[in-house]
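Each chain, letter by letter, is given below.
2 protein chains.
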Amino acid sequence: MTLVETLQKTDEYKCWLRYERKKDLANIEALKKIVVLEKTEIIKSAVEELKRGILSITGIEPEVIADREGNNSAIVLATVDSSNMTTLNRSLNNDGYMLQSFTKPKERIYLTGKTDKGVLYAAFHFLRILQTNRDYQQLDIIENPKTQLRMINHWDNMDGSIERGYAGHSIFFENNQFILDYGRIKDYARLMASIGINGISINNVNVHKAETNLITKELLPDVAKVANIFRQYGIRLFLSINYASTIEIGGLSTADPLDPQVREWWTKKTAEIYQYIEDFGGFVVKADSEHRPGPFTYNRNHADGANMLGEALLPFDGIVIWRCFVYDCLQDWRDRTTDRAKAAYDHFKPLDGQFLENVILQIKNGPMDFQVREPVSPLFGAMPETNQVLEFQITQEYTGQQKHLCYLIPQWKKVLDFDTYAKGEGSTVKKVVDGTLFHYKYSGISAVTNIGNESSWTGHILAQANLYGYGRLIWNPDLPEATITDEWVTQTFGKHPKILNTVKEMLADSWSIYEKYTAPLGVGWMVNPNHHYGPNVDGYEYSPWGTYHFADWKGIGVNRTKKDGTGYTEQYFPENFDMYESVETCPDELVLFFHHVPYTHVLKSGTTVIQHIYNTHFEGVEDVENLLESWISLNGFVDEKRYNDILQRLTIQLEHSKEWRDIINTYFYRKSGINDELNRVIY
Amino acid sequence: MTLVETLQKTDEYKCWLRYERKKDLANIEALKKIVVLEKTEIIKSAVEELKRGILSITGIEPEVIADREGNNSAIVLATVDSSNMTTLNRSLNNDGYMLQSFTKPKERIYLTGKTDKGVLYAAFHFLRILQTNRDYQQLDIIENPKTQLRMINHWDNMDGSIERGYAGHSIFFENNQFILDYGRIKDYARLMASIGINGISINNVNVHKAETNLITKELLPDVAKVANIFRQYGIRLFLSINYASTIEIGGLSTADPLDPQVREWWTKKTAEIYQYIEDFGGFVVKADSEHRPGPFTYNRNHADGANMLGEALLPFDGIVIWRCFVYDCLQDWRDRTTDRAKAAYDHFKPLDGQFLENVILQIKNGPMDFQVREPVSPLFGAMPETNQVLEFQITQEYTGQQKHLCYLIPQWKKVLDFDTYAKGEGSTVKKVVDGTLFHYKYSGISAVTNIGNESSWTGHILAQANLYGYGRLIWNPDLPEATITDEWVTQTFGKHPKILNTVKEMLADSWSIYEKYTAPLGVGWMVNPNHHYGPNVDGYEYSPWGTYHFADWKGIGVNRTKKDGTGYTEQYFPENFDMYESVETCPDELVLFFHHVPYTHVLKSGTTVIQHIYNTHFEGVEDVENLLESWISLNGFVDEKRYNDILQRLTIQLEHSKEWRDIINTYFYRKSGINDELNRVIY
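Taken in order, these protein sequences are the chains called V and P. Numbered by our numbering, the letters in the first sequence go through residues 1 to 683 in order. Numbered by our numbering, the letters in the second sequence go through residues 1 to 683 in order.
One or more hints might be untrue.
When the alpha-carbon atoms are kept at most 30 Å apart in a straight line, the in silico DSSO-like pairs for lysine-lysine are as follows [what the hints assert, rightly or not]:
hint: 1; chain 1: P; residue 1: K342; chain 2: V; residue 2: K658
hint: 2; chain 1: V; residue 1: K441; chain 2: V; residue 2: K269
hint: 3; chain 1: V; residue 1: K403; chain 2: V; residue 2: K504
hint: 4; chain 1: P; residue 1: K554; chain 2: V; residue 2: K554
hint: 5; chain 1: P; residue 1: K554; chain 2: V; residue 2: K658
A few chain P residues facing chain V, derived, Cβ under 8 Å [claimed, not checked]:
hint: 6; residue: R334
hint: 7; residue: D538
hint: 8; residue: Y542
hint: 9; residue: A551
hint: 10; residue: D552
hint: 11; residue: W553
hint: 12; residue: K554
hint: 13; residue: I663
hint: 14; residue: R670
hint: 15; residue: K671
hint: 16; residue: S672
hint: 17; residue: G673
hint: 18; residue: Y683
Cβ-to-Cβ under 8 Å is the rule here; a few derived chain V residues that face chain P [said to hold, decoys possible]:
hint: 19; residue: R334
hint: 20; residue: D538
hint: 21; residue: Y542
hint: 22; residue: A551
hint: 23; residue: D552
hint: 24; residue: W553
hint: 25; residue: D662
hint: 26; residue: I663
hint: 27; residue: R670
hint: 28; residue: K671
hint: 29; residue: G673
hint: 30; residue: N679
hint: 31; residue: R680
hint: 32; residue: Y683
No wet-lab data here; the hints were simulated from the structure. We put the beta carbon where it would ideally sit given N, CA and C, even for glycine.
Isolated chain V, as found in the complex (with noise of 0.2 Å):
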């Protein structure tokens, strides 16, 4: 056996598509023979997934069988085109589908896709459905995806690490080659296309040497092998490059992004990735930001930059996706006045309508980076003629790195749905990505992946929740997280209403306990430098990133008013920008990310600042014994080596939170002076 087939039997491996045996559905005759009405690559592993599926929920692998009129009970997978439903093309978007179940004369269950991917897509909501124990016999689903982009970012490197990663290495590099085994990177299309995933960048953001050959004839071949895999689940490849290309492997001096040259070598390169992949989605750009070369080199701007990498991929319809991530990571922590939060904001808005239209600004869900706890940036619906994609961070970077659990959908589902007042009330974040609120040609969501080449893909295996969560959290974000829980927790774990209830509940409580025994009130940073893991109050206080706390003996935070800080505030619409600015009116878990204020401030909560700090620091370590607690009552419900890898990530969790608690406890105590009102053991 290889060692993908060797993986492929652990449940940890097969995450949510465990396909669990269920007795009730052994003799359906229905699930016995699958109708295929066309023929093409996608819907080839529909039927591959509905067969594995079925077999191993039933015991019997279904049939594939010509029948047309109806003569049999089956599964019936079709285009609108291929059924003539053609009526259904109002209800669907491109990548919509239907599930509808007859029951006479036979039994027959329809897949319907807008493209052959509708079908893929409505194929794994039927196995869903299947495995959470939901009646199938009674199906008439209408459902589009909400959001257009749904995009995985990897930070793989050549060599095989991966940027903050913390699930092993790369599942696609080794050793600055292609892994050619790809059984794995089919599990892996197989297991994002069952969630919506519909384009995937494989490289880091950050491009270096070796990375930056990904576009060259050398190593095409093997990109478009992993793209051909790709392609199958209807999924795009995406590559990062190095902005800095015509220098560094094109031969020219310059990167001049008005440099007819240099617009020339992007559009013959493009053309020539194109005959290697035919549906290339696109370059992924982190350009002018942490020491990456960018058009600011040349005195140009980012959309000079943007457009010439847009112009050359317009024929193809591929599509530029422009990270927004830039700032001053050279600032002096003595300087005041400038606010890193400010950075993305004031680089793009000024360009707003400058873009091509096969341009979209990546902004991340912050204007800082990912911290536990962040408002949200105030770039989203601040460019209406600009297409946007919002970025989440699904490895747990300031998290916890997938020792600590940490379940995001809870913080996604919040940004999402804040509303950015850009067109009145109303205009919430989704509305924004989804496109809908200022029509935007292209929109979407994207994400920073938490998967290696661990046998659970994630590390912790209660992480790949957040991996499951992200893609059905970004195909509806009107999803209620409960949904998108009990989902997941069924098909990982089974049935079993203890498992259900006793994991729904670590998971839901998991970001505030995690927020509680680290960084208070918004105001982040408070981690080790460099790697990011473990608390350090002082780690980035001194540093030339532009992050800090500010905290002396009378108080802490950061003070972004208009009125006598920063002016960030001014970047929201007036209705948020009224909510930030008055320490009257803003939300506890964000007070010391906009206000720096006495330790002895009041908080809405009731408490002071100080003893905020004390209580949830004692009350997170005190979360985590709970979460221990739960997890070890499911001894014997889960098999157990599922059940001893987390047990011992919920050990580690909470020595470390340990370290959290009494490190930043001691710090605020040795600073302020002020002693914790209920007398607990403070160092």
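Assemble chain P onto chain V, guided by the hints.
Chain P alone, transformed into the frame defined by chain V:
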């Protein structure tokens, strides 16, 4: 030309063996001829060095002639025996020598050593006299090194890296192999012999996998080649060994020092080493320290471990240098009773008298780890029955990493002159480690070197002064700092009084300047973890390393008193105990090492602790500005290459000293809330 030949032409590579042309010595007859009364490998080296030096100084290479009768003016090289001056034997110790010059009937300069090593030392001494413009015609000098073992430790790894190295890579190893070009090693041996070094361990005390194999048949032939070069310059080669070698390479399942098989393995292994290297020096051992294996694993003590090796080395006159840097590096920062400073004494003092005669304990100068300021280790003088060697650190791990100028001779003199009171007043450290206080069989001084394969050997060219000064000082701990500095500056930069006075002053002040802008009042450790460069007040505060300052809103420092602290003061003899125990008598520069005091505590200097912190940090930067100006005043007096190189380092030092100043001042201002009396800028 080979790389080494190219380097050999540069002043920075020649260091203090530049042998600058002296017009006034051009026509001295005695310098044109050399008479050799006894021929050994070492005397051959002496002749070679005299030829090289005199050719360079006078333009004429001296000729070796046979002239026992004294018919020619000449330099005469002889041992006591070959010259029949046996009465000299009473005046010379093993490495001693006499320099005598006669002008009649012929000008004869006698370089007479007790052994051939003495002849070599005399030759270097004579060349130094020529270089430093001292009168060579009136010589009547008897010179005996006061220290028996004059050691250099390398922390070189076989992959070429150097732990705590700031001057490039290893001159011995690269890519896990020996470097087969020995030209540089020979030049290194020349430099070391010129300052009297007689033992060098070539590999890191942290012995990893590759270096464990240095004592195998595969690598011993290569080790022997290095030893052969060293031997020509009177230097014995030592190896750091892996305490668990019996397991790693010996095929045994244990490293228990009392296990007969283990003992037998070491006996055979040692005999094997001596087959390759007849004058092999012995083993340097870091055991049970910072995750290194050791006898504790087998419930044995350090005497058991060291004696096992000592027994194996005894028949060959080899020695064991057993390091006392043993402490708990997984301490809980919350625990204020455990005190890392106490560890060496607690571990080793009870074993006094239990070590074999060829085992030597190597003790770091202070109880912590080479901080810019520490008290002297209380272990010195505390073990009358046990050979002791003092360990200094020439490489500037905590003293600016050869980016900052920090001349360490003043620090080392302070250590050597420290009175332990072990046998009443006058029981200085230098008398302990020269073996006179307790008549140790073996004693001496060791240091971690600061060299690497950069062209200047030491990165910062002025750091060559630390290497030179180390050798000269341990040869004779009574040598005044000024004498050492004069010698070094003149040999390195020539005799111009402006250079001498300027550089001498720069060096003299530099340690105290570095101390001013870094960690105050002996508290230490306010550096970034791991690499130990740059300010980070809390860098080690919540770590497991036992390195804390306990600063809070009221005060700072570690209470190490017997009265109500960790009791570390009790490890000193009564006179020093009294001095350190009371905050009234504790010297200012160590007050925070021994006491936790309020920021408002008034020092003997008359300022408060907090004001002292502010003052010294502002002054320190001003002092660096002056250092830079001083150096700039030498523009035109020093060759351009060395001028610019040093200028660049001083510029970096100035920039980084401002980082220190502002971060330290800001940290304490933010914590204490106490204003600077002079209202200077604190952030």
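Each hint, compared with the structure:
1. P:K342 - V:K658: holds, 28 Å
2. V:K441 - V:K269: holds, 25 Å
3. V:K403 - V:K504: Distance of about 18 Å is within 30 Å: holds.
4. P:K554 - V:K554: holds, 13 Å
5. P:K554 - V:K658: With a Cα-Cα distance of about 25 Å, the restraint between K554 of chain P and K658 of chain V holds, given a limit of 30 Å.
6. R334: At 5 Å from the nearest chain V Cβ, R334 of chain P passes the 8 Å test, so the hint holds.
7. D538: Interface hint status for D538 of chain P: holds (5 Å vs cutoff 8 Å).
8. Y542: holds, 5 Å
9. A551: A551 of chain P check passes; min Cβ-Cβ to chain V is 7 Å, inside 8 Å.
10. D552: At 4 Å from the nearest chain V Cβ, D552 of chain P passes the 8 Å test, so the hint holds.
11. W553: Interface hint status for W553 of chain P: holds (4 Å vs cutoff 8 Å).
12. K554: holds, 7 Å
13. I663: For I663 of chain P, the interface hint holds, since the closest Cβ of chain V sits about 5 Å away, which is under 8 Å.
14. R670: holds, 4 Å
15. K671: holds, 6 Å
16. S672: holds, 7 Å
17. G673: With a closest approach of 4 Å, the G673 of chain P hint holds.
18. Y683: With a minimum Cβ separation of about 5 Å from chain V (threshold 8 Å), the hint on Y683 of chain P holds.
19. R334: holds, 5 Å
20. D538: Since the shortest Cβ distance to chain P is 5 Å, the answer is holds.
21. Y542: holds, 5 Å
22. A551: holds, 7 Å
23. D552: At 4 Å from the nearest chain P Cβ, D552 of chain V passes the 8 Å test, so the hint holds.
24. W553: This hint holds: W553 of chain V lies near chain P, its Cβ roughly 4 Å from the closest one there, short of 8 Å.
25. D662: Given a least distance of 6 Å, the restraint on D662 of chain V holds.
26. I663: Holds - the Cβ of I663 of chain V comes within 8 Å of chain P, reaching about 5 Å at its closest.
27. R670: Holds - the Cβ of R670 of chain V comes within 8 Å of chain P, reaching about 4 Å at its closest.
28. K671: K671 of chain V check passes; min Cβ-Cβ to chain P is 6 Å, inside 8 Å.
29. G673: holds, 4 Å
30. N679: violated, 16 Å
31. R680: violated, 13 Å
32. Y683: holds, 5 Å
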